[in-house]
Amino acid sequence: MASPQAVKCINDALIQHLRKDSTILDPYCGTGRLLIQPRIQGQRVTGVDCSPIAILAARVTHRGIPSGLTENIFNRTAALANELDSSNEPTKNILFWFPKQTIGDLRSLLQAIDILDISIHLRRLLWLCLADTCRKVSYARDKEFKLHRIKPHQRSHWRPNTLAIFQSIGTTIRDRLYKLHDRPIGGHYRFYEGDIVQLKTIVKDQKYDAIISSPPYGDSRTTVGYGQFARLPLMVLCESTLFNREYNRSTIRISLDTICLGGSHCPSTTSSLLFEDVEKIDNQAMKRFGNDYFGRLELLFRALKKNGIISLILGDRTCSGCSYPLIDSTINFLRANRFKQILRQDRLLSWKHLPRTMRHKVTNGNMKYQSLNYETILCFKK
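Under this note's numbering, think of the first position of the sequence shown as -16, with each following residue one higher.
Rather than coming from a laboratory, the hints here were simulated on the basis of the structure.
Among these hints, one or two may not hold up.
Each computed DSSO-like pair below joins lysine-lysine, with the alpha-carbon atoms no more than 30 Å apart [stated by the list, open to error]:
| id | residue 1 | residue 2 |
| --- | --- | --- |
| 1 | Lys75 | Lys187 |
| 2 | Lys365 | Lys190 |
| 3 | Lys183 | Lys119 |
| 4 | Lys270 | Lys3 |
| 5 | Lys162 | Lys187 |
Computed spacing ranges between beta-carbons, pair by pair [what the hints assert, rightly or not]:
| id | residue 1 | residue 2 | range |
| --- | --- | --- | --- |
| 6 | Lys134 | Lys75 | 25 to 33 Å |
| 7 | Lys183 | Gly51 | 32 to 40 Å |
| 8 | Lys183 | Ser70 | 43 to 51 Å |
| 9 | Gly51 | Ile168 | 41 to 49 Å |
| 10 | Arg118 | His140 | 53 to 61 Å |
| 11 | Lys83 | Asn290 | 23 to 31 Å |
Each residue gets a CB set at the ideal place from its N, CA and C atoms; glycine is no exception.
Let the sequences and hints guide you as you build the complete structure.
Here it is as structure tokens:
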């Protein structure tokens, strides 16, 4: 997720170098946070992400306040769920992450959302509330970098009030939407679920005035496992015919791991500069990451108009003990492709929560930076 400072920095650069009503693409948009400020300025934005949960959140966030949104809708949903019986035998896979009683409550909420006579925009909001509820009532540990279960003695006493948690989350999300949309937000928006490797299929032959991204990579074997967290709500949501119709997929044909854990492999770039850079790396996982990352950048170049802006939020990468100078390599790659640097800002993320093995250390009075506790914002013009 991009920091507020990074969002402001990118937005200031876009205001300075783009006219109003420009087209902006975020090919790894997540919940669409980077695209809020451009929309406030009246820009037309497009977001793409391979996670259906991320796209669900982005559509809810950018849609604003759907008609019929009151606290009563969350109470109605919970009350209806309380009357339903969804205690069919759960699979072993879902039992690994949820108590059996909780699974019944989640399925009742899902059934209630499906049978309510409401608009698609309100239904999406309720699905998003249910997705967040799944995370809160699961066995997953809080504040973990990857998905891990709480300890056995904690699981034996874990009895969350699922319906009450759903209502509380609904109220919180509603209040956030009211706060976010307390001023007019213009600009057209579109969000697509898919992988940027199929960019031409998703957005056709459209060219963009600006491309912004954090981060610009997504091969399933090279990304950090944030997508694991999407598996929890999808175990429940994908039991809904309406939800599957919304994302035009069947879980019988596509596994949850395929959906959540990253995009497809990107063809390697043909850049001679990159070839020399990546070939110096002994670590095969990092070499694969380099090829995938720069191959994706080349795909983005093709979607950018002449004199267009590309803005990236980056940090150097570490994988299996091998460090990769992603920032300097990206700058060299952009310059070799005739891009001119117009902005660079480096920031220490002193308060960012990291795994213990990746937190920064102080050695001889000097700060030793690890891969995820600083970021660099780059803006280049084509």
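Against the structure, the hints come out as follows:
Between the alpha carbons of Lys75 and Lys187 the distance comes to roughly 42 Å, so the proposed pair goes past 30 Å and is violated. As the CA atoms of Lys365 and Lys190 are separated by approximately 13 Å, the hinted pair is consistent with the 30 Å bound. Restraint check for Lys183 and Lys119: the C-alpha separation of about 37 Å exceeds 30 Å, so the hint is violated. Between Lys270 and Lys3 the alpha-carbon distance is near 40 Å, which puts this suggested pair outside the 30 Å criterion.
A threshold of 30 Å between alpha carbons decides the hint, and for Lys162 with Lys187 the separation of about 35 Å lies outside it, so the pair is violated. For the pair Lys134 and Lys75, the beta carbons lie near 20 Å from each other, so the given range of 25 to 33 Å is not met. In this structure the supplied range 32 to 40 Å holds for Lys183 paired with Gly51, their Cβ-Cβ distance being about 38 Å. Taking the beta carbon of each, Lys183 and Ser70 are about 46 Å apart, inside 43 to 51 Å as hinted.
The hint said 41 to 49 Å for the Cβ distance between Gly51 and Ile168, and at roughly 20 Å that hint is violated. Against the hinted window of 53 to 61 Å, the Cβ-Cβ separation of Arg118 and His140 comes to about 19 Å, which falls outside the hint. At roughly 59 Å, the beta carbons of Lys83 and Asn290 sit outside the given window of 23 to 31 Å.
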